[in-house]
Structures are given as structure tokens and as C-alpha cells.
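*Asks:* Since the structure of chain A is provided, determine the placement of chains B, C, D, E and F on it from the hints.
Protein chains: 6
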Amino acid sequence: MSNKNKLDLPTSLSKNSSMRLDLWTWKEVEKYLVNCKGIILPIGSTEQHGPTGAIGTDAMTAEAVAREVGIRTGVLVTPTQPYGMAEHHLGFPGTMSLRSSTLQKLIHDLLISLVMHGFQRIFIINGHGGNIASIKAAFSEVYNTASSRHLPVAKSLRFKLANWFMSPEVFRQARALYGEREGQHATPSEIALTLHLEPSLLAKQSELPDPAPAGPIYTYKDFRQRYPDGRMGSDPFLAKAEDGEMFLDKAASALSNDLIDFLKET
Amino acid sequence: MSNKNKLDLPTSLSKNSSMRLDLWTWKEVEKYLVNCKGIILPIGSTEQHGPTGAIGTDAMTAEAVAREVGIRTGVLVTPTQPYGMAEHHLGFPGTMSLRSSTLQKLIHDLLISLVMHGFQRIFIINGHGGNIASIKAAFSEVYNTASSRHLPVAKSLRFKLANWFMSPEVFRQARALYGEREGQHATPSEIALTLHLEPSLLAKQSELPDPAPAGPIYTYKDFRQRYPDGRMGSDPFLAKAEDGEMFLDKAASALSNDLIDFLKET
Amino acid sequence: MSNKNKLDLPTSLSKNSSMRLDLWTWKEVEKYLVNCKGIILPIGSTEQHGPTGAIGTDAMTAEAVAREVGIRTGVLVTPTQPYGMAEHHLGFPGTMSLRSSTLQKLIHDLLISLVMHGFQRIFIINGHGGNIASIKAAFSEVYNTASSRHLPVAKSLRFKLANWFMSPEVFRQARALYGEREGQHATPSEIALTLHLEPSLLAKQSELPDPAPAGPIYTYKDFRQRYPDGRMGSDPFLAKAEDGEMFLDKAASALSNDLIDFLKET
Amino acid sequence: MSNKNKLDLPTSLSKNSSMRLDLWTWKEVEKYLVNCKGIILPIGSTEQHGPTGAIGTDAMTAEAVAREVGIRTGVLVTPTQPYGMAEHHLGFPGTMSLRSSTLQKLIHDLLISLVMHGFQRIFIINGHGGNIASIKAAFSEVYNTASSRHLPVAKSLRFKLANWFMSPEVFRQARALYGEREGQHATPSEIALTLHLEPSLLAKQSELPDPAPAGPIYTYKDFRQRYPDGRMGSDPFLAKAEDGEMFLDKAASALSNDLIDFLKET
Amino acid sequence: MSNKNKLDLPTSLSKNSSMRLDLWTWKEVEKYLVNCKGIILPIGSTEQHGPTGAIGTDAMTAEAVAREVGIRTGVLVTPTQPYGMAEHHLGFPGTMSLRSSTLQKLIHDLLISLVMHGFQRIFIINGHGGNIASIKAAFSEVYNTASSRHLPVAKSLRFKLANWFMSPEVFRQARALYGEREGQHATPSEIALTLHLEPSLLAKQSELPDPAPAGPIYTYKDFRQRYPDGRMGSDPFLAKAEDGEMFLDKAASALSNDLIDFLKET
Amino acid sequence: MSNKNKLDLPTSLSKNSSMRLDLWTWKEVEKYLVNCKGIILPIGSTEQHGPTGAIGTDAMTAEAVAREVGIRTGVLVTPTQPYGMAEHHLGFPGTMSLRSSTLQKLIHDLLISLVMHGFQRIFIINGHGGNIASIKAAFSEVYNTASSRHLPVAKSLRFKLANWFMSPEVFRQARALYGEREGQHATPSEIALTLHLEPSLLAKQSELPDPAPAGPIYTYKDFRQRYPDGRMGSDPFLAKAEDGEMFLDKAASALSNDLIDFLKET
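Residue numbers (the working numbering), protein chains in the order written: chain A, 30 to 295; chain B, 30 to 295; chain C, 30 to 295; chain D, 30 to 295; chain E, 30 to 295; chain F, 30 to 295.
Extracted from the complex, chain A is given alone in its bound form:
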């Protein structure tokens, strides 16, 4: 990614080793807002990822992509919300799910907090398909709240959802590497990214029998019966840490472009 996608920030912020909001002070945020009204909010999920995948896969990957996008673009990144809507995975121990209505309220409150400070363009980097409906539903509620409260920026607010695993570049790469064996859940592409980020996970990988074929999602009990080990048509043992590095680069590149377009949009 070239420098053209890098925002110009005042020197006083240059000492930050990263764009992580949690490592900044409020005074640094105050300065940042003079030049940029954009911010990135990563969100994952805490849910089973097959017999060999880490339960934190979706949060780890969303966080890694978001922080890389932050560094490349110079846009601030909030802490990662690690819990999302994973009701259909509750048949597997370790899954921790927010109801969709709770997740919507959480998104609502976080966005309203940012809006109160003057942030106007919020870019959510999401690592979990099950969050999509809730995030979209929440957007309409936040617009409603901002308008109902007559917030001065209400009209200018723009929220955008970016699912890193659905970006065309990532999708094509996954197909190229794994073909049909990419599957739909606990996919080699996301597992690869976690192996790149957390090498200790390598020790948990192993060959697995053929997965249940990908299919529909209904209740969590049906899910467990239909996909007994948690995988939906995927062969995660194909994943390699070096693939993961590539996925991170491709996702960060694609989403950085999307983010810059979003911030430049008039």
C-alpha cells in the first residue's frame, strides 16, 4: 500500500507506535480529531472453530486486520469487541454468545460514544458472519438516536461494515489455495491467519476426517447434529502460518482501500 493512503497526522502523534486507542491518552485523541473524524472498530466472536481451531479465532483475526489497516492508513483503532452473536454455536463448550438484541445495543452505545466526541465515519472490521445482521440492524438504531437527540453531526454520520473474510481478494486467494475445502466455518483461511498470529496454536493442528458438508444454519442443537465436530465443509489442517501472513496482507490491503475511499467520500 502506497503512502497516498496514509492520512497526514500532526507530529505530536508520531510517537505512537501504533494506532491503538487503548494505548493513547484522551489528549492525543483530542488532537487526532482535529484532522480526522474516522475510526476503526474491530469486532469478533468467541465460539468454537472445529476440533483444532481456537475459540478466539474471529476476534484475533479481526483485531489483526484492523490494527494492520490502522497502521497502513493512520486511522485510529478501538479495542476489539471479542464477543458477538454466536447463538448457533452454543452446542459446543466454550462458545460465549451475545443475543442479537444485546449485540445491537452494544454497537449502539459504542457508536454513540464515538459520535459524541465528533467521530463521523466509523468503519467496523468484522471477523464473524453471524454478526452481520446485528451490526446492520444497529446502524439504523444509531442513526435514529443521533437524529432524535438533534446531535449536530447527526446528518453527517456514516457507518460502514467491512467483513474482512468476504473481501474479494481474500476470497479468491482462499479458493486458489484450498478450493472447495475452504468450506464455510473453521475455514483454512481464518485458521491460517491465527497460526500466523499465534504460533502456539500450531501444536493443536492435526489431520481430521472429512467434515460434514456445508449447509444451512438453524438452531444450535440442529447445528451440532448437522456439523458434529463444528466444521462446515472445511479442512482446516490445510492451513499454514505463511498462508495466514498472506491473508493478513490481502485483507489489510483491500480494507485499507475501502476505508480511504470511505473517508474521502463526499
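Worth double-checking, as some hints may not be accurate.
Which copy is meant is left open, because identical chains are indistinguishable; a pair holds if it fits in one copy or across any two.
[What the hints assert, rightly or not] Each computed PhoX-like pair below joins lysine-lysine, with the alpha-carbon atoms no more than 25 Å apart:
#1 293 <-> 60
#2 189 <-> 60
#3 66 <-> 250
#4 66 <-> 293
#5 293 <-> 184
#6 233 <-> 56
#7 250 <-> 184
#8 189 <-> 293
#9 250 <-> 60
Source of the hints: derived by calculation from the structure; they are not laboratory data.
*Replies:* Just chains B, C, D, E and F, lined up with the frame of chain A:
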């Protein structure tokens, strides 16, 4: 802390480099549940911590204490919820707050998820005073839900809130080191812990003028006027990274004892 | 559509001129449930459809498709919910919107009602893109409720969302007829269907200036400014009633197949 | 009804064959609002109406009355909300009920939508006794919202509930025709109106044994036991389509007068 | 009221000077439940009652009637809920109102508490017209909850609302004493009862100018403009303490009969 | 308490025999607000208090303390909310509990009502430990609402919670009189106060076996098993009415000082 506080776990779990749920697979959790029904849930906040403190202070510290307690006791640790109830800090840019009602729903859903898997004793390690009321209120709602749904474990459920910064050992140490200058918010003790955990934060520290004296908390606008730079009677520039290491040890030691007592309680 | 997609219903139900639940008695429903656990629920929206389109377009079209699917398949059709999530259209007089959270509760209650009677496969025929996130979010809540209440059918429940305007057959036909001028809102395809259904609407059609190009959707005030007459890149005056008849047939054919597959799914 | 109860509308609206909002464009609504701030919102229910009555009775009748009132008075009529609060009928298959809290939120959102456009006097024509408490409760919530948001029209808002089946003219006529056999639910008067509106329903009518006597309403299980075929003291086979036509006229006449008084009220 | 309306209670309860739950112990309640599943719950409101009426009028009167009914029938009386839905009175200082949705949740929780102990017939004695819709709406929610939780007594539950001021005996007496000057709010009948209960209020009474005529109720701002001193067509200075004593007797007599019928109902 | 803690009120209010809002008229409140923006709101609970304690103990005591503080300080006292959060006592018949979320909404609405009239400093006198978390959580919600609605007084609002039984003076006295036998629930100190207030309760007192020792609080079923007669380490038969009088004086004295400080705070 001696080994007596260490739970005996089957060898198959020994390859885990830590007790982090997000790095485990669901099959590992399944095995863990055979021997232990306890789990630790860390929760922080994303809010201003004075002109030199990191916005992520409360999440960073709660996470560090929780993970250390997990390692010492052999009890599983869930991902850290980084957002809490910080409404009164919303006058400072960068603060991201959940309304109390949202936080209660979040706690409710996370605890119910754990209960569905068979966890019966949930130990919340909290890094933020503003979360206390919401967490306690949520406990009663979860007990109600578990009972209303006739969950088999409903009667055996026990939830406990542990605020690491309020444990007597930590409190005494902070008084010994900083006296009255410990203050109430953006305290040297919590800042010290962040310096230990994240050395890059050292570069942000600097001497500060006398803080506004500690006092009551009402609305966020009143808060900003009463405590113009975010500190409540504290001198965070007294903080040293080595103090932080000691606070971590004292907190982990105290909370490990509390946790083991909680798990052994009949 | 051949008869193979027709469910076999007992003779006692044959006197029904249609499959409309609102024209049946409860005793007829009781008999129907002996043979079929499936039902269709149409949902629309009440919102502006450009300067010449009817405000009831989405409800009218969803209802027509649903009733035709009902007749072709022999599956019961509930009344059409005419109000959906149309917050972004509130800048235009006549739009009546449910908040997303309200729509989710409505879907929840209607589905739970059907589940209580023994319906297990519910097929929602939707006429409005803005409803999609809310409907999907609601599904997870209904599964949760059914499971929490230990309903005997909880595990067998299956809900499916079918957006008639997004079925490939319809999409291809619209492209073939109108090319890029199909646009995204107040499209000639949906307007054509309303002209077929309600010939009195013909008198309102007229040539229009070039529409604002299709683009993103944020707040309702931004929407009105961005799309001043309500159209998103569409030329609805291309619509003809005979096109509408064809769209109805194509949509009903595609969705009937989907529904039968859904009911036959094991 | 004489012309004195007809509002004067601009010629540009005269081509509307009816006063149905769903068949209007937003531009027509915009013009309408220049002259009239009143609107009619019909609401019914989808619930059992005895062994021979249509499940959609309450929606069908409310819609017919509302549209007739619209035509007679020149006041705009929104789409009919077909689902209401029918919890006590859930013991009979086919009943689809909103919880009272959901119905209140729905009424709230629809009224707020109308208020945002400038409508100030909203006249709800209701076909179901079970909706009354929810609608009245919702009114207070909408007034609260309008006031909390400082809407300019907040002070001028007026909502009125009109239950067509309780208007004295209708009540007297029903007594005259059916005496005590009118009963309380699945009454000959409402069934008569459906026969007038939907002649196909005639084929479902038949003589019935004596109904359970009218009495109190508690839970839905108690309801089914107390009123085994769904009727409460009524003999719906007395209903004739021509009676229905008369009920429609009487209801429309009475409610048109009420509506005009409501709109003229200072 | 004769003794036939007195329930037979075991001697062990005879030392109670009254039937007030707040003065009983849980052991006494346990014994009571062996013989009687009925209980009375009084509810009032805290709202303006004209320039001379006490703000607590509705709670005071409901409590007095409920306690008298309790003594006459031997049925237990819970504490009086002093706050109700009084949104339309918020234009007058001192009014404290619950939103309708809050009141519904309160009624829900109180009734569920009683149901959990085995109470099956709950008789609400209400002192405020503005509460009626909320209480009725809440009933349907409680029935739903009891059924959803599969409570053993769910099917047998019966709730009844008794508005003391609307009982025919009271109504007739008020008409006889005050004619049209009874009015609709801050009526001489309710004020008379407060004078009987709280003689200190006599000092606040005084003659007043003609009241605004009774009429409709919309927003609280409209209410204050329409009824500038809070009275709706009433002349409360007609009230005498001795009238109040009579109203208490008539109300208690009528409601005791209703309650006994309710408890005896099969 | 000296007169220095007495607010100066206009003569026109001097005829009030007490500071009870429920006995005032709205015109008196209007006058009061000219001089004082403070108000007291008492809240109790309706829950088991051991085998000999009154179920209404917490409401009775909070009310008595609040009214005494009102008289001593000249600050207005609202009606006592008799129902609080007592979920853990639901295993004992007679306990009536609000869910924490309901109690929070109730507190919210009551405080917002007072704020709308211009009250700015609200002092809650609480009689029940189980209410504390809910009340504190509610405070943050009310501040949020007041700010969201741009209420003119939003910034000046201050709410304070005073738990009479936790004031140091009361605590010391209880220790002095009863030592360890004070316990944690159904304590002699609170029972003593009820005996002072309601001498009829004396007849219910009796010696009791040793109580279960004080300990933790989890679910209501666990509570009943752990504390079989409802007491937590307390010997309520030590209570004497004259002790109660002393507790009332000490509590009123301590809280009057706190209240005056609160009102004088700049």
C-alpha cells in the same frame, strides 16, 4: 502462591501455554469441564485516565491480573470484555461507554452461555469501579433466567465479583507507596501496572500540576468541569513500572486465594 | 410449475378458494397441520417509492408473490405484515417505519405464535431490502426463545428468508429488460408488478428526469439530500404492467421451488 | 353522510380512486399535508373467530370501515396492521399474536413516523377488543417521545382510538338483530360484515350447537377450556351478508362523524 | 357486609390486627396459603389533584379501600404501589409518573412473585384511571410468562382489576351528592375520602372558581393549558369528610362482593 | 439537630404538619421549588425478615427515617416505594420482588419526573441492601436521559444514595447493643425500629434457635437452603422498641447532616 492452589488438570491439557479460552479448542474445554466448573471472566473499561494514562488502562490491568490468576490456579480465563460502564467519562474524547442496561445484558448473556456448558462458578475480575453496580445487578437477572428456564444447574450457580484494585493487599501497597496522592481515578497504582505491561506507555508520562481533589461523581459534564484533566486527586507520574509488577503479583496472589476459596466453597 | 410441487391436502380443505390464512377458520388450520408443518409469511414495507411509485409497493408485491406461491404449492399464507424497517426513507412524507428492534420483536412474536401451533418450517417472503437484517436477527432470537422454553419442536424449527426481488430469475429478467436503469430503489421491476396488480396506478406514471445514481445509505436526511426524489438510479417509467405479470410468474416459480425444497429438506 | 363532512382537497389529488396511502405517492402525501394533518390508521387482529368465522375477521372489518370512512371524509387511510394482541386466543391454531409490549412499540413507531411528517391528529380504527389497552398505553409513550425529542408539533398532537364495534349505532343494531345471541366473540355482527366483504366465506357458515356462555378472559389455556369452540356466547350463523352491509354503513357513518369532530376540535 | 363474605382462617392467624402483608411474617403467609390463594394488591398514583387536593389522593384512597376490603373478607392485602402512570399530569409540579411500559413491568414482576408462592387469584384495587390500560396490558404479559415458564399453576391463574371509583354504587352516590359537579379529575368523591382519612387536609380546602369543563386527554402540555388548575370539571370544595366515610363503605362493600365472587368462581 | 440544618421555607407552607409530598397540593410544591431544589425519595422492599420479622420492615424503616429527616431539615419527602429488588428472598412466601431491570426503570422514571419539575438534588433514603446496585445503575441512566434530552438542568443534576442502616452512627450502635448477633439480615436493629413504629409487631416476637451464620448470597433456592428460616446470623429477639427509637434518632441525625451537606454542596 504455592501449588496447593493449583487445580489438577488432566495431562491432555498440559500443552496449553496458558489458560486462555480464546487459544483453546472446544474439545479442550469439554475435557476441562470434567474436572472443573470454574472460570474467570475479566472485564475492563475504555475510558480516559488523565492526561498521561492510557485509555485502555482498566482492560489491560484486569486482563493481566486475570491471566496471572489463571496461570497460578489452573482456572480457565475467558477473553476480556474491554468496554464497560463509563458514562461519567464521556466528556473526554476517546471514552467509549456502554449504558448500564447494556452492560447488564452483556454480562447476562455471557454468563448464561457459560452456564449452558456446565460452568457453575464464575469469577469476574473487574478493573473499573463504574462496572460494579451493573455487574451486581446483572447477577440477579442471570439467577432469575437460570431459574425461569429450569436449568438443571440453576440452584448450584454461584457468581462472584472481584475488583482487583480494591483487594486489601493492593490497597495497602498503594497507600504505602503514594499516600494521599494515590487518589481515586488515574491512580499511580493502575498506571504503574500499565507501564509494566506496556513499556511504550512510559514515553507518555510526565509531571503534572496538582490534580483536582477527589470528590463525587454526577453527570459527565459536571465531571469534566470538576476534574478538568480527568484525574481525581491522583498523581500518576509517581507510577513506576516496577511498582506495577508488584501490584500485579499482589493482586494475583490475593485473587487467586479468593478464587480457590470460592471454588472449594461447599 | 408442475403439480409435483403441490402438497396433497385433504379434500375438506379443497373448498378454499385460496391458501389465505385470514380466510380460513381455526378448524381448517387444525386439519392442515396434520399434513403440513410449513407456512408462508409475507412482509413488506410502507415507504416512498419515488415520485410516481406507490407507497405500498413492497407490501403489495410481497403479498402477490406469496399468495401465488401459496396457490401453486398448496402452502398456507399468513396475512401480509405491511410495515417494515424503512428508517432511511423517513425524509419522505408517507413513509411509516418500524425501528429495527420493533420489527424484530414483531417477527419474534409471530413466529412463536406459529411454533406454538406446531408449525415448524416458516418461509418469509420479503419485499424490502431494509427488512433483511432485522428478520435474520429475529430468527436467532426465536430459536433462543423456543429453546429456552423447552418447546418440544425447538430442535426441529427452521426459518428461511426469501427476498423475491433478489431471486436470480427475477434479477436476470430485470437486467434484460432495463439494464442499468433498473437501479436500486423504486425500480422498474417492482413498479411493473404494482401496475399489474393495481391498474389504477398507471395514471400516476410519467417520464422523469435522470435519477440520482445509486449509492450508499446512511441517515434519512442524507438519503433525501442524496436521492432528492427518492429514486436510487432507477427509471421506473420503463415499467409496464405486462412486465409485472412476468415478474410475478418468475418470482412465484423460483420461490415455489425454494419452498418445496425447504419443506422436503430432512 | 352529507358533503359537509368531506374535507376539501386540491384537485391534484382528485384522481385518486380512494384514500389509501399505500396507493399514493409521497408527492401526493406532501400535497395532502398542506390541507390536512389528519390520518386514519386501521388495526385488526389475526385470531380464531369460532368454528365458522374467518381468522382475519378483525383486520378485514377494521380495514373496510376505515376505507369507507376515508372515502366519506376525504381523510387518508394507512395500510391495515393485521396483527394485534391476541394472546388469549393462542389455544386455537392459526391465531397469530403480538405480545402487548410489542404491539405498543409498533403503534409507537408508526405514530412517530406520521408525526415526523407533520400529521397531528391520528385516528385509529380498531377491530379487536384485545388491542384497546395496548393502544391506549402506547399513546402515552408516543406523547412522551414527542415531548422528549422537543418535536415542534409535540404539544399539538392528538391521538384518538375508535373501536368500530363499540359505537352505539352498531351496538344497538346488533342487539336489535340478534339480541343476547350477539355474544362477545365471533359475534354475528362482525361475521356478517365479513360475509358482505368476502362472499366466499358464506360456504363456511353452518348452524352450530349452543355456544359456551360469555364470561371472563384469563390465560389462553383457560380460554380454550372455557370456550371450547372459540365462541363466547355468540351464534354467528345468524349473520347475513346484507346485515354486514348495514353494519358497515352504520359504523362508517358513526366514525366519520367522530373523525370530523376530532379534526375540527380546537 | 355479613360474615358470609369472611373467609375462614386458622386461629393462628387471628392475632393479626389487620390483613396487611407488610405486618405479617413469612411463616404467617405460608399458613394463609394453605387456605386461600387469593390476595389484594392496591395501586394508586402520585399526581396533582387540583389546587386543593392532595398529590397522594389516588394511593391513599386505593389503600383505604383495599385494607377495608381485606378486613371485611379476610383476604391478605399487599403494600400499596404509590406510583402509577400519570404522564398527562406532568405539567404540574409534584406529579411523579411511571411510563406505561415501566408500570407494566412492575405489575408483571409483582404478580409473578405472588404466583411463585402459589397465589392464584390476584385482585388489584386501583385508584387511578390512568393505570387501567397498563394494568390490563400487563395481565397478558404475566399470563404469557407463567405459561412460558411452565409454572404448574399457569393454567389456573386469574387476575382481576377493580377500580373502586368506577363501581356503580360509588358512581351513583357521587352523582346523587354532586351531580355534574363531580367532574372527571380531582372529583369531590375522591377528595371527600381523603378528608375522611387525613383530617389535616381539611385546612387546604377552599372555594374555587368554576373549573375548566371535562374533556379529552392528550399531552401533558395540552392538559395543563386545557385544565389550568388541574381540575377536569370538578368542584372538590363540595367534598365533606363524612361523605368520604360513606364512599369508603360503599366501595368496600361493592368490592368485597366482587372479590368473594372472584374467589368462589370455578 | 440544631435549626441551622432547617431550610427556610415561606410561611405559606408552614401549615403543613409534615413534609410529605402526598399530603401537599401541586401549588404548594410550586412554591417550595422557589426556595429549594432538593427532595427525599424513600425506598424499601417487601420481603421476608425471618420467622418473626415483618415483611414490610425495609419500607417501614426507610419511610420513618425519611419522614424524620424531612421534618428536621424541612426538605420534602415523596411517597415510599415499597417494592425493591428482593429476588434472593423469593424462596419465602410473601416476598414480592422487582427484577433489577424493572427497579432501575422505576427509579429512572421517578427521577425524571422530579427533574422535569426543576428538582436538581435528589436524596434517596434506602432501607434494603439489595436495592443498592440497581439504584446506582439507574443514576447513570437518568443522567444519560437528562443529557440526551438537553434538559436545561441536566448539567446540575445530582443524585445521592443514603442507606440508613449503613450510616456509621447506626452501625456502631448496633454493634454496641448486639455485637456479632446483629447479623446481616433480619437484624435486631431494623426489627427494633419496626417495633417502635408498629407496637402490634411485639406480639410476633419470640426467642429463636441459633441462626444460620451469615454468608454469601446466590440464587433464591440456595438462599433458602443456606438460611432456612430467613435469618443471616441475626438474633432479632434481642430487639426492643426503645432501641428502635434510638436507631431512628441516630439515623435521622446522620442522614440529615448528609442531606444538608449535599444541598449546600456547590
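*Asks:* None of the hints should be skipped; say for each whether it holds.
*Replies:* Status of each hint after checking the structure:
Taking CA atoms no more than 25 Å apart as the test, residue 293 paired with residue 60 passes inside one copy only; the shortest distance there is 20 Å, against 38 Å between copies. Proximity of residue 189 to residue 60 under the C-alpha cut-off of 25 Å is restricted to the intra-copy arrangement: shortest distance 24 Å within a copy versus 35 Å between copies. In this homomeric assembly, residue 66 and residue 250 come within 25 Å of each other (Cα to Cα) only across copies, at 19 Å, whereas the closest approach inside a single copy is 44 Å. Only within a single protomer do residue 66 and residue 293 lie at most 25 Å apart by alpha-carbon distance; the minimum there is 11 Å, versus 42 Å between protomers.
For a Cα distance limit of 25 Å, the shortest separation of residue 293 from residue 184 inside one copy, 17 Å, qualifies, whereas the shortest one across copies, 36 Å, does not. For the identical chains of this complex, residue 233 and residue 56 are inter-copy neighbours only, at 11 Å across copies versus 43 Å inside a copy, given an alpha-carbon limit of 25 Å. For a Cα distance limit of 25 Å, the shortest separation of residue 250 from residue 184 across copies, 6 Å, qualifies, whereas the shortest one inside one copy, 44 Å, does not. Taking the shortest alpha-carbon separations for residue 189 and residue 293, only the intra-copy value of 13 Å comes in at or below 25 Å, while the best inter-copy value is 38 Å.
When the C-alpha separation of residue 250 and residue 60 is checked against a cutoff of 25 Å, the pair qualifies only between copies, where the shortest distance is 20 Å, while the shortest distance within a copy is 50 Å.
Checked against the numbered hints given earlier, this structure breaks none of them.
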